[in-house]
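Given chain A, put chain B in place with the hints provided.
Those sequence lines, one after another, are chains A and B.
To convert, note that position 40 of the first sequence is 40 in my numbering; the numbers rise steadily by one, no gaps.
To convert, note that position 1 of the second sequence is 1001 in my numbering; the numbers rise steadily by one, no gaps.
Since the hints were derived computationally from the structure, they do not count as laboratory data.
Hints may be right or wrong, so weigh each one.
A short list of chain B residues far from chain A (calculated; beta carbon distances all over 12 Å) [claimed, not checked]: (1) Gln1006; (2) Gln1011; (3) Ser1052; (4) Lys1057; (5) Leu1061; (6) Asn1071; (7) Thr1081; (8) Val1084; (9) Thr1098; (10) Thr1101; (11) Val1107; (12) Pro1109.
Cross-link-like lysine-lysine pairs, in silico, DSSO-like; alpha carbons within 27 Å at most [claimed, not checked]: (13) B/Lys1036 <-> A/Lys57; (14) A/Lys11 <-> B/Lys1036; (15) A/Lys14 <-> A/Lys57; (16) B/Lys1070 <-> A/Lys57; (17) B/Lys1059 <-> B/Lys1070.
Computed from a prediction, not measured in an experiment: that's the story for all the values here.
Heads up, the beta-carbon is just placed ideally off N, CA and C, and yes, glycines get one too.
Here are the chains, one letter per residue:
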Amino acid sequence: DTGVSQDPRHKITKRGQNVTFRCDPISEHNRLYWYRQTLGQGPEFLTYFQNEAQLEKSRLLSDRFSAERPKGSFSTLEIQRTEQGDSAMYLCASSPGREVLYNEQFFGPGTRLTVL
Amino acid sequence: GQQVMQIPQYQHVQEGEDFTTYCNSSTTLSNIQWYKQRPGGHPVFLIQLVKSGEVKKQKRLTFQFGEAKKNSSLHITATQTTDVGTYFCFSGGYQKVTFGTGTKLQVIP
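Only chain A is shown next, with the shape it has when bound in the complex (with noise of 0.2 Å):
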């Protein structure tokens, strides 16, 4: 399969633990994204990279939450001292390209979290 992967697919969690997310890209895809959807809503965007670079984080991240991209490929969303709030799906998604005007988000099957 060379679609996005995500790992765990489900994550239940007691308030106040740390998780960690995982998300491989399609290969050779340079730009990668991290949104939050919460049931009726759309994909609230959290942050993207361009290669390992992080160009973008949304301010309504916040400072419990951290990702990485070490060497460009796969990424890594930490959220520390977990609150219900944040019990959601956690999608990401990569793109080819420089730009991302010109390029289509090819989304994973995401990582439901729950904060009981």
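This is chain B only, laid out in the frame that chain A set:
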């Protein structure tokens, strides 16, 4: 900041009827993309529009980008049950990555 609103939020149609969703922006958009998300699935790319007034067709789907590049529409002719899902518009550019609020389409057989 850039906001992209979609109307309607929900639409129920009888199978065979037409459906249209509209995407409106408060600022000029550099491009517009449309995605479809089936229930329980992830967004899947449908089309991209770049030019002012551009119209593109995919079988029963017609996509339009406004002359002022502030709005866009997706029209489905003769809906089928396979069209069920939520349709999102998306606009991307440097420091302006935004999904619309989405239109959820239900098709009644």
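Outcome of the hint check:
no. : hint                    : result
1   : Gln1006                 : violated (8 Å)
2   : Gln1011                 : holds (14 Å)
3   : Ser1052                 : holds (14 Å)
4   : Lys1057                 : holds (17 Å)
5   : Leu1061                 : holds (15 Å)
6   : Asn1071                 : holds (17 Å)
7   : Thr1081                 : holds (21 Å)
8   : Val1084                 : holds (15 Å)
9   : Thr1098                 : violated (7 Å)
10  : Thr1101                 : violated (6 Å)
11  : Val1107                 : holds (18 Å)
12  : Pro1109                 : holds (23 Å)
13  : B/Lys1036 <-> A/Lys57   : holds (25 Å)
14  : A/Lys11 <-> B/Lys1036   : holds (25 Å)
15  : A/Lys14 <-> A/Lys57     : holds (26 Å)
16  : B/Lys1070 <-> A/Lys57   : holds (25 Å)
17  : B/Lys1059 <-> B/Lys1070 : holds (25 Å)
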